[in-house]
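Asks: Given next are the chains, with one letter for each unit.
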Amino acid sequence: MKVSYNWLKKYLDLDMPAKDLAEKIERTAVEVDSVDVAEEGLKKLVVGHILSMTNHPDSDHLHICSVDVGEESPLQIVCGAPNVAADQKVIVALPGSRIGGNVKIKRSKMRGVESEGMICALDEIGFSKDVVPKEWADGIYVFDDSVPVGEPVYHYLGMDDPIIDLDVTPNRGDMLSILGTVHELAAIYDQKPDIQKPVVKEAADLNAADELKASADETLAKTYKLRVIKGVKVAPSPAWLQITLWNAGIRPINNVVDVTNYILLKYGQPLHSFDKDKIKGNVQVRLAKKGEQIKTLDEEDHDLSSEDIVIADSERPIAIAGVMGGYNTQIDDQTKAVALESAIFDSIRIRKTAQRHVLHSEASQRFERGINPDGVEDALNEAANMIQELAGGQITKGIVTASEYHPKLPTIFITAERTNHVLGTDLSLSDIQAIFDRLGFISQQADDGLNVTIPARRWDIHIEADLFEEIARIYGYDQLPATLPTGRQTIGTLTPAQKLDRATRHALEGLGLTQAISYSLTTATKAQLFLMRQSKLTKLLSPMTQDHSTLRMNLLSGLLDDVAYNHAHKVNDVALYEIGRVFYKDSDEQVRPDEVAHVAGVVTGNFTAASWNNHVHPVDFYDLKGIVNQLIENLGINGELSYTATDKYPEMHPGRTADISIHGHYVGFIGQVHPKVAKQFKIKETYAFELNLQTLIELPKSDDQYHPISKYPSVERDISFLVDHEVTNEQVVDLMKKRGGAYLHDIHLFDIYEGKNIPAGKKSMAYSLLYVNPRETLKDEVVTAAFEKIKKRLTDELNAEIR
Amino acid sequence: MSLRDKLTEIKQKGLADIDSAVDLKKLNEIRVHLLGKKGPITATLRGIKDLPVEERPEVGSYANKIRDAITQAVAAHREDLEDAALNKQLAAEKIDVTLPGKPVAQGQPHVIQQIIDEFVDLFLGMGYQVLQGPEVESDKYNFEMMNLPKNHPARDMQDTFYLSKEFLMRSQTSPMQARALEKHDFSKGPLKMISPGIVYRRDTDDPTHSHQFHQVEGLVIDRHVTMADLKGTLLTMAQKIFGDRFDIRLRPSYFPFTEPSVEVDITCFNCMGKGCDVCKHTGWIEVLGAGMVHPNVLEMAGVDSKVYGGFAFGVGPDRFAMLKYGVDDIRDFYLDDVRFLDQFDKRGN
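So the sequence lines, in the order shown, correspond to chains A and B.
Per the numbering used here, the first sequence runs over residues 843 to 1645.
Per the numbering used here, the second sequence runs over residues -12 to 336.
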């Protein structure tokens, strides 16, 4: 809400700079978006009087004006506005002036004729076109005759008035009005505002009841009141009213509509004016009927929903209640009688209607946030008075009331003890009472506390906690002490699962992978790549884009997107990991997916940067396998880690992918991304793994990780042999473990070779075997016997040729 | 010439020879020659049998002294020669220490993770537990239990991704308040928790909006927890994460699940409170929302609001990271550009 500082000053004694006032509001009530003074940045704009005007010799639309700007001799200014005429008082930008958009005006020649400045339209000096009255929309602005020539224009256009734009929170609908803001400032500055209750000047011999009958469904409109003013003459409003409206961002229309908007700003009570003579029969407030249509004031047609509240006459809807009036009953130049409506409509319905028809008006905004039930009639009366003053006519006697509602004012009991208990303050009951006095809440001492009666204008206050907020903010949040909670001690510690999550991150980072965070919402296609189990898709009901429409069921597709982004930006070496959730569903009937924590990683390019002494090789399967091995080892999970070749993942290289399991539990997979998939993602050769982190966390851990180091020397024996190409490392190691004897402690593959000097279909493998006896020094013959046994078994079982 | 004089001469010549040895080989030859069985000392001592018996021990002992002197001289000269050889070798081994070191592979935490970990560590130290909740939430926990019944106007404030009428992508971490309150056994002590996690909003991604971002929820409930405690806790948080020079201020605000509700500003990072374009010349930057937990939230979760109460706050690590480092586009956090990620603190705090 754009609030005029000058308007506030009519009710309160305020003399601080607008910026200070705004800061005070921000720290005590609601946020302030901006404080603007329209004249700032403008220079040398004065009121000029057009003494005479002649046509430009070389133009069919330009005029040469002689303009008195209060100096010794008049200026000659060329003007092309269609409405320019002699004897007007106008806005003159003098030579050397600055107008809207930071434009400088200089002496110039227009088609050969000298022009000493410019006669301005409102939008040329910074006004938004949305607020310029229709009569000035296509030409220059003309002052009324009372404005003194030669004076700066700002004051006469309201441009010297600081406008404070309040960003009102949903609970403070009361501050969407000048009077509400005045009450708030009165509390902040401890003043008593001067607010007069309007006394309506009714005509003795005309009865409203004779003019109009109205009925209302009270569930739709708790209060619905009409007044009728007869014999009005519709015309533009006086300058002061136009200024008030345009400073609030509302376009002035005419002296009837402008009054309703002025009252809306002042009271926060939306009013609507109908041309009474266009209403056919009786007025009723009801839900729209199926198939009903209405053209609103903005000349848009709307198909009404049976959920919309409408104001209807006996034949048709004449307004969308609380949102916008109907074109069929609008005030026009010929209007003679006005039916003025002041009401409270159901806030939820208004909100939904405004959304449904995309019609968010000043009125609907206020009905949504709530209306002061005490102000409905005052607003109506003051509006009637103003219309009568500005447009003439007579206010008929009485109010046509279709429904009426006077809420019982809530009384809340509050004690100083409770207040201090919650706020951490040390306030006395009289301190608290003084705050309520400032707020204008009536409070009475009762027992050890106060009974506080909440005025109708503060419909946001219902409970004790609401009053704590009032006390705290008026007392001042800056004055609150800053303490830390005391009381019973608590132990802050990570859970075992949280520690493992951290350990996983630290391990992977230590191993060279950087943490990525990608989007959980992806495309339906990407969601179902790299699946570790069968799952149905989980889709959003109304996604913003198809790119983020479906919950991911894998982390890898997001990481591949990341790789693609890096590749597209010429970063070829990428090593990333991510920990995040994937979302599985067993069936389409299951609505809420299971959330499972995964960890995934990708590496591509070189693992370390090439350098003068670093001869890099592109990452391969085994680089990544080493990382995964180390990660799993770090987590200390019980049981054997095994890799089994698999071709079951369509997105992975069928010959370079393995399922990973620990102690027989499947935990994930590792391998090369299928070249076809890599091509689709526009990435280079990439290796990837994805593990079910939840399983890793849940699998039993070995707490006893310590084994004494043998004091006796170990014995190392190397063995090298030829086997068929198809024989796997796992076969060899399994055999060695099985047949290696009690002292075989470690098996280490140190060479593998195929090619030159090796028969086709064969490969050479070389292992180093470490023998340890923790209890005594190993005898050479014991080791030799065990070693010979392995040689024999390799020969017998794997057809190895020992070298 | 007496035997003794002969030995003295051998010694003097021997020491001179040792000193003049230029390398270890030569030195060894001299040593072998002087001390060996065919050497001059042994040869001279053969004459000892011609001496009177009483003089023999004295000459024998003198010969031993000379042997010792020669042995020591050889050892000393050997050390000198070895040092010289080593120094020569070291001089030849000199390298260019300004050449780059060998690159190693090292990853690092995502900048948002770093901020979250800072929060987590700080609050662990203050006795908070860390809770995690589902990212797919029910309408009940995300809204209704947070005092946002259906048709509440504040539901418009956060447009939400729904999966069905009942389930949605959580739009805030606040549902963890209700979940924690329901589970907590107050007979065992106060509830003090933070809950970091991902949240989702139905926003179009742009420099200041992301449909996915992070929040850290905080909640403290006990018999006597005050708004002053909230202020002190947030001040501690600001100063521990950003530095002691930072101050906070509370401003009234509105959240359905807290009353009183406040927005919390922190001293502007850019101008340290002097006023600049970043803080719109206020000296303050809005960083989080907080308040005293609304009695309805407590009651709906089965906690007696007349006995228990406390505060809650919600922080956005994305926003914190943007402010702390001056990142001007929130989308940068989710592109995972290696060049972007590698810049941030590697200390792993």
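Hint data in this document are derived by calculation from the structure and do not stem from the laboratory.
Using N, Cα and C, we set each Cβ at its ideal position, and we do this for glycine too.
Careful, some of the hints might be misleading.
Claimed, not checked - Result set (EDC-like, lysine to aspartate or glutamate): computed pairs, CA atoms no more than 20 Å apart in a straight line:
{"no.": "1", "chain 1": "A", "residue 1": "Lys1427", "chain 2": "B", "residue 2": "Asp329"}
{"no.": "2", "chain 1": "A", "residue 1": "Lys946", "chain 2": "A", "residue 2": "Asp1007"}
{"no.": "3", "chain 1": "B", "residue 1": "Lys267", "chain 2": "A", "residue 2": "Asp902"}
{"no.": "4", "chain 1": "A", "residue 1": "Lys861", "chain 2": "B", "residue 2": "Asp264"}
{"no.": "5", "chain 1": "B", "residue 1": "Lys12", "chain 2": "B", "residue 2": "Glu66"}
{"no.": "6", "chain 1": "A", "residue 1": "Lys1412", "chain 2": "B", "residue 2": "Glu122"}
{"no.": "7", "chain 1": "B", "residue 1": "Lys267", "chain 2": "A", "residue 2": "Asp1009"}
{"no.": "8", "chain 1": "B", "residue 1": "Lys267", "chain 2": "A", "residue 2": "Glu1149"}
{"no.": "9", "chain 1": "B", "residue 1": "Lys267", "chain 2": "A", "residue 2": "Asp878"}
What the hints assert, rightly or not - Now the stretches of chain B that chain A is said to cover, found in silico as 3 or more residues with beta-carbon under 8 Å:
{"no.": "10", "segment": "16 to 28"}
{"no.": "11", "segment": "44 to 58"}
Asks: All the hints need checking, so say for each whether the structure fits it.
Replies: Hint by hint, here is what the structure shows:
1. Restraint check: the Cα-Cα separation between lysine 1427 (chain A) and aspartate 329 (chain B) comes to about 36 Å, which exceeds 20 Å; the hinted pair is violated.
2. A C-alpha spacing of about 28 Å is found between lysine 946 (chain A) and aspartate 1007 (chain A), which places the hinted pair above 20 Å, so the restraint is violated.
3. Taking the CA atoms of lysine 267 (chain B) and aspartate 902 (chain A), the gap is about 49 Å. The hint is violated against a cut of 20 Å.
4. Distance restraint check for lysine 861 (chain A) and aspartate 264 (chain B): the Cα-Cα separation of roughly 16 Å lies within the 20 Å cut-off, and the hinted pair is therefore satisfied.
5. Between lysine 12 (chain B) and glutamate 66 (chain B) the alpha-carbon distance is near 13 Å, which keeps this suggested pair within the 20 Å criterion.
6. A hinted pair counts as satisfied when its Cα atoms are at most 20 Å apart, and lysine 1412 (chain A) with glutamate 122 (chain B) does not qualify at roughly 34 Å.
7. Between lysine 267 (chain B) and aspartate 1009 (chain A), the direct Cα distance comes to roughly 15 Å. Compliance with the 20 Å bound is thereby established for this hinted pair.
8. Pair hint lysine 267 (chain B) plus glutamate 1149 (chain A) does not hold up; C-alpha atoms about 43 Å apart against a cutoff of 20 Å.
9. Proposed proximity of lysine 267 (chain B) and aspartate 878 (chain A) is supported: the alpha carbons are some 13 Å apart, at most 20 Å.
10. Check on the segment 16 to 28 of chain B: 0 of its residues sit with their Cβ under 8 Å from a Cβ of chain A, so the three-residue criterion for coverage is violated.
11. Here the segment 44 to 58 of chain B counts 0 residues with a CB under 8 Å from a CB of chain A, which misses the bar of 3, and the coverage is violated.
In terms of the numbered hints stated before, the structure departs from hints 1, 2, 3, 6, 8, 10, 11, listed from lowest to highest.
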